[in-house]
Amino acid sequence: MNTDAAAQAGYRRFLERRSFIEMNARERVRAVLDPGTYREMLGPFDRIKSPWLPLQGIVAQADDGVVLARGTLQAKPALIAAIESAYQGGSMGEVSGAKIAGALELALEDCEQGRLIFPVLLFETGGVRLQEANLGLAAIAEIHAAIIALRRYVPVVGVIAGMVGCFGGMSLAAALCTHLIVTPQARLGMNGPEVIEQEAGIEELDAADRGLIWSLIGGERRYAEGFADDLLEDDADAIAAAIRKAVSADPASAAKPRSMQVERYIEMLRKLGPTP
Amino acid sequence: MEKIQYDYPATRSVAQRVHVGVVGSGDLEVLLEPSADARTHVVVNTSVDGFEATWKNVLDRFFARFDGAVSIEINDFGATPGTVMLRLAQAAEGLRA
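From first to last, the protein sequence lines are chains R and H. In this text, residue positions in the first sequence follow my numbering: the first is 693, and each later residue adds one. In this text, residue positions in the second sequence follow my numbering: the first is 552, and each later residue adds one.
Treat the hints with care, as some may be off.
To be clear about the criterion: a stretch of chain R counts as covered by chain H if any three or more of its residues have a C-beta under 8 Å from a C-beta of chain H, and this derived list gives those stretches [what the hints assert, rightly or not]: (1) 727-741; (2) 899-909.
Below, a sample of chain H positions facing chain R; criterion: calculated Cβ distance under 10 Å [stated by the list, open to error]: (3) M552; (4) D558; (5) T562; (6) S564; (7) H570; (8) G575; (9) E580; (10) D588; (11) H592; (12) E624; (13) F628; (14) M636; (15) L637; (16) Q641.
Read the hints as simulated data drawn from the structure, not as lab findings. Built from N, CA and C at the ideal position, the CB exists for glycine as well.
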């Protein structure tokens with residue numbers, strides 16, 4: 693194949709690809725579930741929204757930015773929770789956090805009674821919603837606890853596609869997942885670059901330097917460091933296939949969860965030689 | 552933040568619910584559902600104060616052509632009139648889908 697033909701083929705593949713990043717949260721859930729099985733819970737018409745934002749002069753979204761749906765993945769019962777990044781940076785408030793935590797806790801009850809529900813989390817979040825402070829943090833802690841309890845029964849699969857990424861307390865939720873999927877556009881970290889620049893100064897980190905930011909916390913970097921299990925192109929079909937594969941994985945052959953591999957990460961820190 | 556309400560006459564009953572859009576920068580969310588009476592009710596929650604006349608113009612123009620008896624909730628995050636019209640048209644299109 694000459695270079696022109698190779699370029700043409702690459703171009704065609706690019707055009708044929710369905711971008712996952714460009715989808716909103718609801719479209720992402722539909723793209724992941726088996727066709728025709730999508731059933732939303734606490735949808736926008738239930739109007740379970742933030743009671744705190746309007747008190748602070750901010751318009752609330754009818755679903756508080758979280759889409760919860762039941763459906764199937766290759767005929768296995770699944771629960772998908774997706775965060776809408778365009779609404780308040782995908783931040784976790786009291787309601788949006790409780791929606792995810794409550795759904796995971798119900799899935800856990802089913803798992804405990806022998807009815808396996810496979811949870812998938814589509815992250816796209818700056819972390820806690822500052823306007824709801826401790827209430828959001830409490831919900832995030834409940835999400836952490838639910839993931840740890842659930843992963844004894846089923847793989848808990850997380851996806852960070854971009855372009856917001858996954859930060860703050862929700863980066864811990866991503867780290868707790870049994871299987872984490874990222875794209876090169878994803879970012880994963882505790883403090884976002886803007887926060888670091890604001891707190892430590894632009895000499896410490898220039899949040900506008902995209903090359904630098906992605907080289908530090910981008911999907912490729914995080915995959916290379918072992919913080920993610922799959923690095924995939926921004927392709928909805930490829931991401932849906934990877935989720936199915938992760939869900940079908942034999943629990944007996946599963947590696948120890950990352951959060952229990954303490955020695956591995958202490959060794960990694962030792963190599964980096966951080967100074968206190 | 553402002554809450555604005557309007558009523559319009561309607562001639563056609565509607566059976567579905569439609570949800571489009573997002574409360575994101577320069578965008579809006581539209582929740583459209585059948586209304587209980589034969590009129591159309593619109594509630595606008597907007598983050599930008601002082602544009603009541605503009606909202607009325609945009610909605611008057613839309614409901615000059617749309618005659619469904621619906622309750623519409625708009626949650627707006629600073630959308631331009633053009634974006635509002637597009638989202639309303641998208642919601643109306645969802646009724647036909």
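Original post:
Do three or more residues of the segment 899-909 of chain R come closer than 8 Å to chain H, measuring C-beta to C-beta?
Top reply: violated (count 0)
**OP:** May I ask you to test the interface hint for Q641(H) with respect to chain R, counting a Cβ-Cβ separation under 10 Å as satisfied?
**Re:** This interface hint is violated because 13 Å lies over the 10 Å limit.
Original post:
Do the numbers back the hint for T562(H), that is, is its least Cβ distance to chain R under 10 Å?
Top reply: Violated, about 24 Å.
Subject >> chain R contact restraint for M636(H) - C-beta distance below 10 Å >> reply: violated (19 Å)
Original post:
Does D588(H) pass the interface hint, meaning its C-beta sits closer than 10 Å to a C-beta of chain R?
Top reply: Violated. Min distance 19 Å.
Subject >> Residue hint L637(H), partner chain R, criterion CB-CB below 10 Å >> reply: Check failed: Cβ of L637(H) comes no nearer than 15 Å to chain R, outside 10 Å.
**OP:** Have a go at the F628(H) hint: is there a Cβ in chain R nearer than 10 Å to its own Cβ?
**Re:** holds (6 Å)
Original post:
Is the interface hint for E624(H) satisfied, with its Cβ closer than 10 Å to some Cβ of chain R?
Top reply: holds (7 Å)
Original post:
Holds or violated: is the Cβ of S564(H) closer than 10 Å to a Cβ in chain R?
Top reply: violated (18 Å)
Subject >> Annotated coverage of the segment 727-741 of chain R by chain H, confirmed only when three residues or more have a Cβ within 8 Å >> reply: holds (count 3)
Original post:
Should the interface hint for D558(H) be scored as holding, given a Cβ-Cβ cut-off of 10 Å against chain R?
Top reply: Cβ of D558(H) sits 21 Å from chain R, so the hint is violated.
Original post:
Does E580(H) pass the interface check with chain R, least Cβ-Cβ distance below 10 Å?
Top reply: Status holds, d = 6 Å.
Comparing the model with each earlier hint shows violations of hints 2, 4, 5, 6, 10, 11, 14, 15, 16; every other hint is respected.
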